[in-house]
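**Q** This is what each chain is made of:
4 protein chains.
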Amino acid sequence: MSTARLEAFSDGVIAVAITLLVLNLPIPSGPSVRLAHELASHWSQFAAYVVSFVTIGIVWINHHSMIARLARGNHRILMLNLLLLMTIGLIPFSTGVLATYLGHSGSRPADQHIAALVYAGAMLLMALAFSLLNWNILMRSPDLVDPPLSETERRRIFLRAASGIVPYVVAVALAPFSAVATLVISAAVAAFYALPVASGR
Amino acid sequence: MSTARLEAFSDGVIAVAITLLVLNLPIPSGPSVRLAHELASHWSQFAAYVVSFVTIGIVWINHHSMIARLARGNHRILMLNLLLLMTIGLIPFSTGVLATYLGHSGSRPADQHIAALVYAGAMLLMALAFSLLNWNILMRSPDLVDPPLSETERRRIFLRAASGIVPYVVAVALAPFSAVATLVISAAVAAFYALPVASGR
Amino acid sequence: MSTARLEAFSDGVIAVAITLLVLNLPIPSGPSVRLAHELASHWSQFAAYVVSFVTIGIVWINHHSMIARLARGNHRILMLNLLLLMTIGLIPFSTGVLATYLGHSGSRPADQHIAALVYAGAMLLMALAFSLLNWNILMRSPDLVDPPLSETERRRIFLRAASGIVPYVVAVALAPFSAVATLVISAAVAAFYALPVASGR
Amino acid sequence: MSTARLEAFSDGVIAVAITLLVLNLPIPSGPSVRLAHELASHWSQFAAYVVSFVTIGIVWINHHSMIARLARGNHRILMLNLLLLMTIGLIPFSTGVLATYLGHSGSRPADQHIAALVYAGAMLLMALAFSLLNWNILMRSPDLVDPPLSETERRRIFLRAASGIVPYVVAVALAPFSAVATLVISAAVAAFYALPVASGR
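Protein chains in written order, with our numbering: chain S, 1 to 201; chain F, 1 to 201; chain U, 1 to 201; chain X, 1 to 201.
Next comes chain S alone, as it looks inside the complex (with noise of 0.2 Å):
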């Protein structure tokens, strides 16, 4: 299979699971609502959104790369690449887990921390399917791998873009902690690889 339907159908899915976050956003109703503090009440959804949003563009980014050093695919990657778009399109789902959780007053801390593992998991479920597929790629399918690269170089890419794990473990363990902390430290995520810092990938 050429790339280039992989690449389409993926972005397809990248970008639905991306613009339904909003739908995560609450539009608050009903004849004794106070609008502006019902908007500030949910400061951590649209955190979250923020968060997400950008999180799931890097990935996206990332994800282009990836498949632009790839010639064609074969069964293998076609089903990672699909796990992946798989824990992409539970995005969605978890940002809602911990908006809901974290933004509201009334929910016991022993629930926020599990909205807030559930949110860190699927962010790490995400990481790991993509260093899954790119390690496919990079280390097992050498020859799809197009300019060739050296075994030094491939393992170089493959390591450094597998660092993106490492925090959200880091994030996961500290969930049963604070989930504020996890939103934090996604956030953090989210701006080192947005920041001109980290351009040179």
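Read the hints as simulated data drawn from the structure, not as lab findings. None of the values given here were measured: they were computed from a predicted structure. Note that beta-carbon positions come from the ideal geometry of N, C-alpha and C, so glycine has one too.
Covered stretches of chain S, as calculated for chain F (at least 3 residues, CB under 8 Å):
1. 1 to 10
2. 83 to 94
3. 114 to 127
Mind docking chains F, U and X on chain S? Use the hints.
**A** Leaving out everything else, chains F, U and X in the frame of chain S:
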């Protein structure tokens, strides 16, 4: 009509349908909710999400292979492709029905079986629409197949793909007896096509 | 503007709109629900899903034929295409309105007729927007038509496509008398264009 | 990164966002509803749908013109494009907020003004993100502009596009006084760009 735009539109519909599956995952809310318990009790929603996502993903891959053999479209092929897309568009609905009833401890057994019938029935419809389109391309419009294939070869490809109908007939037949069996069969079909053993396609 | 990106964006909007139709299909829930009875009582939702899906699908096919005659876009064509997409975007809403009232035994007859008016009205708007764009391409911008066509030929193509307006005028006129008649007429239009008899287009 | 995939992904996000607007249109339900009255009382939802649809559509057209001048992307342009897409993704939310409060006779005037502020604020954010990206292409990365343009010409194009910020500043400033004025200004901006007078762009 060139097949490029046919593919682009099909990719779009399939990408939206596969991503809409996530809308079925329930975000528990309310002050008295216990999030961990709620999420655990929705195991069927997550299982159905994974099975349906992989199934639609495999249909997308097979759709690509099918259209790649086609030199150009005609009116009948366009309409049968639309029929296939319509059945794919139903999967988020049938997935939601199964997940709602399979995972709900309070739902009546009879309803669980009907939900399984809806799920397996939608999968069967999709498999039938796929084979109908494939039959029209391979067996009724051999002049549109490029590069040309012998009738034996075309029949072989068609029958191999059409054999995917069989397990869904079984799943439909088992639905009145066990909703879980229906989901397990659907999962097994997805796993069979996803695993390397089937990578010869 | 080249027509390639015009087509790509239109494909995207139409693919999303056609797939959003499924969100109108209700997933019954609640402990006292009898699923088989509930699904059967929603026959109108499924009928409306099929009719609207096929109708949007045919509009997509005809949109492709229309744009394929266009060498390049200009501002007026872009805006009229946007108007057409806006009317297509309304179909999931109008389908939801008709399905909700047509299938609900408790809804007042007057409401059923208004729901039918909304449905047929949206279809008519879409047909009018299509013809307005087609008229601008064929009759007002003949220099953008590639390959060039005689005025007689262009007029013939335009009138043939514009004749699709007539049944929707009839459907709108019948809405105050019978909601079912409106859906039947819409279904007949879809079937007419879908069946081989119209494959000359 | 080539601009082709940048455009394809942007097209996808914009197409989903523009089509999600329809989810804000409420389908009245319930046995005691009077459909005609309900639909009429939701005039603001339909007005907001049209204004937001045309606005996003015009942003899409202008986005195409902007990217068409770009030879290739770099990290900063990718991230600023993502920022623009994030603001576009907010429009269905801000449209829903305005429509809910503007059309609801029981909503407090203070809430209507805040809803208008949300709506105009989201439009302003989108216009600012557009201009920031445009400025980075035209004024900071002139070597990426293809074919090359003189600084005078680049400045002229940028300022012309950036002038679209002004009416949204006015709309934000008027929001605390009149929610209707905010919608009218947004509609006027959309109409100005949609009408032939602006077709010189």
